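Peer 1: Sequence order for the protein chains is A and F. Letter by letter, the first sequence follows residues 13 to 727 in my numbering. Letter by letter, the second sequence follows residues 74 to 231 in my numbering.
Read the hints as simulated data drawn from the structure, not as lab findings. Owing to the predicted nature of the structure, the values given are computational and were not obtained by experimental measurement. We treat Cβ as the ideally placed atom computed from N, Cα and C, and that holds for glycine. Do not rely on the hints blindly, as some may be mistaken.
Distance ranges between label pairs, derived from CB positions [what the hints assert, rightly or not]:
id: 1; chain 1: F; residue 1: GLU226; chain 2: A; residue 2: THR424; range: 39 to 49 angstroms
id: 2; chain 1: F; residue 1: GLY77; chain 2: A; residue 2: MET44; range: 22 to 32 angstroms
id: 3; chain 1: A; residue 1: GLY696; chain 2: F; residue 2: ASP145; range: 48 to 58 angstroms
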Amino acid sequence: MREISQSVVKKDHGPKVDGSALYVGDYPTQGMLFGKLVRSPHARAQVLGYTLPNLPEGYFAVSAKDVPGVNQVHIVKDDSPVFADTTVEYIGDPVLMVVGPEEREVNRLAAETVVEYAPMTPELDILKADTVFFDYRFGSGEVEQAFEQADRVYEEAFETGYQEQAYLETQGLIAEFVDGKITVRGSMQCPYYIHGALAKALNLPPDRVRVVQDVTGGGFGGKEDYPSILACQVAVAAVKAGGKPVRVVYGRREDMEFTSKRHPSLCTYKVAVKDGRVTAMDIDVLFNAGAFTTLSAVVLQRGIIAAPGAYRVENLRVRGRAVKTNTVPTGAFRGFGAPQTFFAVEMMMDHIARDRGEDPLAFKMRHLVRQGDATSTQGRYHFPVPLPEMVAEVEAMSGYSAKHNAYEQPQTGRFRKGMGVSLWFHGAGFTGSGERDLIKATVRLHKEPNGRVEILASQTDMGQGIKTTLCKIVANELNLPLDQVAYENPDTDRVPDSGPTVASRSLMTVGELLRRAAITLRGQWLPGVDQVVEEHFKEPDFVIPFYLETFQGDAYPTYAWAVCAVEAQVDTLTGVNEVLGAWASFDVGTPMDHNIVVGQMEGGLLQGLGYASMEQMAADNRGRIRNNSFTDYIIPTSMDVPVMQVNLHVQEYPLGPYGAKGAGELPLVGAASAYMAAMEQAIGENIRHIPFTAEDALDALSARQKEAQAHDERN
Amino acid sequence: MTNGIEFTLNGTAVVFEGSATARLLDVLRDTYGLTGVKCGCKEGECGACSILLDGRLVNSCMVAMGRVAGCDVVTIEGYAKTERFKTLDAAYAAVSAAQCGFCIPGMVLASECILAKNPNPTEEEIRDGISGNLCRCTGYNAIVKAIQIAAKEGAGLW
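In isolation and in its complexed conformation, chain F is listed as follows (with noise of 0.2 angstroms):
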């Protein structure tokens, strides 16, 4: 037994050694760097913040240390090493979903979160699984395309 809370963090085994009750949010940021988790608002409401805790999309500010014990955390710099991620980033590419691009990360992952249930989603799924995460410059149709393309063009690989 380490003295610590072990979880695996982008594939990784680690032991956070403080407190339990510290906000995942920060320790991802502060502990770890991994500054590709946005905080938005601190409070749940954003999404901007968004990981994937044992495949499910949850807001990190919201989380306590505590609740990471034996858990598996991805977040966007872990997600973008794999497949999945090089075909959503090429189709958020191809229709310029990215503005301001505080959202994104945190957009990519809801966009995988969307695909991992069901490969081949309707456009109301997907405006659905999207509707957690706040963008405020493109009026969301981009995303919910970007989506889309993902889907025909990751045949397979969801």
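For reference, chain A alone in the conformation it holds in the complex (with noise of 0.2 angstroms):
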């Protein structure tokens, strides 16, 4: 292990564990307003007009009319209203906001308000969506050709749902508008895209706009896309404030009901197998968008871009499609479009190896790729695919080939076991060319005359533990103690753009530029002196440029790897299905510390592990989200996987601090796959959507007694 490795008590440990931290909930409330958003109960129609009950003093409303620049959220194309305007698009579509200094009266007349609608017929389905956001194409090779020779073409669907990000601390922030410059502060991941946001909406230069990063609750790309709505609805009360600040921190049922979550999905893969090997996929990926593109477009492409998975596909055809329905919009959560594609090729890669025979762990490794490979989009693997060492960990750790062949001899009983694996990779950082392109990253060290270092960078800790890894690097450059380098949380009126906290890119970019900033700074150090140095991003060398109208080039620099193996348990009698342990092995680089990133892993693993098993969340037949609480959808406690191990594997990235590459989202993407092989195992069917319910084992076990007592009673 790298000395840097080693870990530290963590930078923000003390304040979060005596309960003195403030999170924008924590604020004393004095003087403040209090506000409440009046939502669509329709999931498509035309707003007529809205009627106000009498407001008290000191009471008021803000709506379309009031937002002083262009009534649009800026995200990536900006067709998300601040307010709803003409019409609305989904249940919970905000039309107008009530505020005033007492939270229970706002809500009170909140709920008398009366909006008047012309409902409209809803797209529900996205079968039938005739609204496409984006559709992407893409490929290599002679697919057509390569399944005329196949000697067996398999052709699959899976579907996957809704997935809530369920941060602990909901959506929350405070606007303030004084002497015509508005400072929003509060739960965020992206301090940078909310104030792009607020400037566009409220018709502000950018100094005249300030965006303050408050202590996290959690984010997991939940706190990505969603604040910058919120910041300006927000806002545009705090202009008509009169100076006081304006706060709305969401009950947990508004933020499940009405923020972005996990795209549903439909992927249809069609495979042609030749002499036992795979030699052609055409994929079909539909990604459920809701009402507004939002993030939808940079989603989609990670998910089609990952499709063929961690195998060596020559002939490929991949199609993309993310459609609009009048549902609340999705966006980003950990994984960022690629957990719904992963599930759909390692299950894919199980079922044909089931078929033929063939051991499905035998099977995929047949099919890795391998350095200097071709990546789905004609990029290349530029380093070490570590995948058949950490099979080999993995092996070590769970007992994964025997479990996996006794659970293969026929089960009686009522309880069935089964043991399941899953391979995957995650794109290290943003997709193609955003880093070069749009974010051009910038960081500065500030060294104060005492020789105390600050790091001014825009990254936001939410829990990750990026305020201590930066601060590690830094530190390890600079020969300094820890607590004589500080990362305070960002404040845009003294940070630079350094990007967003997404992408698993922070501690890879942003941490890299630190480092080198350090390595400056200490070529440069005057004692006692104020000093300050600058580091932008610059695109590695090695890079095949990425063209998003082709897709063709490098998508990544380089990729995290996993490999997991799942042991799972169903109770035949009443469905009720159980991890008995989890077993994974990443590649994330050199860990920066050896804690942190263990906990990332775990955590972001039990998450995947929830979205295949349990978490459950749909939109009844008029469009509303059914799932809204904690009762309804039912995310992982302490007693749900009693066994979680993680070996951490190191494949050095060169270009990375100390070798370190993305961490954050990898270990959620393809755990869902392992779970479902083990459960398939268990039941002895082909499962093809998560999540699966104790309700669904039943399903499927029922249809298998019937299809032995058909066979039976053919024989």
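Bring the two chains, given one by one in their own frames, into a single complex with the hints.
Peer 2: This is how it looks when you write it as structure tokens:
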């Protein structure tokens, strides 16, 4: 283990443990106003007008007509309105906000506000949706020919459901408009995304906009784009509030029902097999984007680039579409489109192997990509692919093969077991040329005369430990004790734009910029002098430029890798399925802090197992999200995965700080398929959808029983 | 007799003069400024608002002030002044068990309850003891480990 990997006490440990850390909801509320959004109860309707109840003094409302700038939230394509104007597009679409000094009174007034609608027929079915937000195609080789020449063609469709980020701290922001300057603070991942959105919606020059992150109680992607929307709404209210701060902190139900979540998907795979090898894949990916585009373009890009999995597929055709439905907009969630396609491709490979009578792991191993191979977009796997070693590590930890073989024998009795394995990667950093063309990250180091150094960057710590790991890098290069390097929560008045805290990019990309800045500072160090050094992103020379128009080139400079085995059990009487153990090896390059990285891997893995097994969220036939509380949307507790073991495999990335790669998203991405493969073995039926609940298990078991009976009768 | 609800809050006798139907969580946060008590759902599911009520772990969002009369209420702010807290704090630090931190004040109090009941709990008892406290960040392993470390290091304290 490199010395820098040795764990330290996290920079933000103390106040989080003794309860003194201030989250946005913890600031004193004296003199503050509270805002409550009035939301559409219709999935699609024209807005004809609204009538406010009698508002007591000090209370007011804001709507689309109060937006000083453009009534659009700047995200990627700016189609989300700050407030719905002439139409509403999903249940929960905000029409106006009621604001005032007493929260309870504000809630009452919002509930008594009457908005007049002319309902229209909503589109809720992704297969019938006629608005295609994004439609991408790419591929390589001779796909038609490969299918013509195939010994066997397999075709299956895989479905995945919503997944809710379920960060423990709900969304919340405070806005204040004083002397022509807007300040927004609170729970967020990307201060400069919000900064850009506010400038547009409020029609303010950048220096009249300030965004400050507060201690953030989890994000997982849920606080990537959504806070830009909420910030614009709260800021519009603040502009009318006469200098008083306006606060909106969501209740859990409001947060679950109306904020972004993982895209439900339908992925159809057609696979050609010749002489025991996969020779072609023709893949159709369909994502439910909900009512507005938000981040769907980029989520879809990552999803389809990962669609052939960690396998060599010489003839490849991929089409991906994100379509509009009149449901809550879906957005970023750890993994960002890849968990959907990795679930599909891993199950597909399992099913083909089983049909061939071959061990699934052996079949997958025969198809693994290797260093130097082309990626799905004709880039290169420039660095070693450590999957074979990692499979051996997981085998040693889990006893995979012995258990898998044992459970392959006919099982009788009430409890049946299975053992599954999945292999995956996560492209480290932004997809495509975003880092080079859009983000253009800048970082600074400020050395005070007393020798203390402050990191000036816009990365947010939402629990993943970036404050600690970035400080460790700088302290290491400057030979300073860790307490001499500081990193405050970012404030756009003080820090340059080093990009958003997304895409597992912060440590790898911004961390390396800071390492280089620290080396520069070390060379220029003058005792007792105030010094500032700055560093800018430069794309590594080896990268094959990526072009979105053709989907050609290196979508990522490097990849993080994962292998996971899951042992599961199903109760054939009740359908209750449970994880008996999960064993995984993750390669995120050099861990910048062993505890922190293990914590990321364990937490992400459990989210992935929850995604597969219990986290069920669905919209009803009117388009309303039915599961809007922790009573109806179940996330794993400490009891659900009693054994979870993580190994860190280290394949250093020469251009990351000390060899580090992207980490945060990796562990979630392919966990679902390991679990489902185990469940398939326990039940003896192929499974093509997640989440897979006790009810689903009972359905599958009864289908199996009927098949067996029919078989018996035939004989 | 005072005209209010008398109870002990972090070791100090207090009188709450508001409604008996007020929610303990809201009163702790808004009236007494004890914002270490977090609100994650307000319906008794997540455990972020856990406090000790007469030594038992309860979700303060599910307790009306009338129930608190004559009781001993301890929040993380009060517990943080104890020797036992120091042991747990060091144990949580040693394994970096606090990620986003939002569940942590509740988790620390759940840890206290586990160890108060059994100074040498099994892993299963620990998992059971924190099962009412949701954590979305850690996958729970680090928290379980922290409680095991505290049990070992804090010998005699519990």
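Peer 1: Next step is simple, just say for each hint if it's right about the structure.
Peer 2: Checked hints:
| no. | hint | verdict |
| --- | --- | --- |
| 1 | F/GLU226 / A/THR424: 39 to 49 angstroms | holds, 48 angstroms |
| 2 | F/GLY77 / A/MET44: 22 to 32 angstroms | holds, 26 angstroms |
| 3 | A/GLY696 / F/ASP145: 48 to 58 angstroms | holds, 56 angstroms |
The structure shown violates none of the earlier numbered hints.
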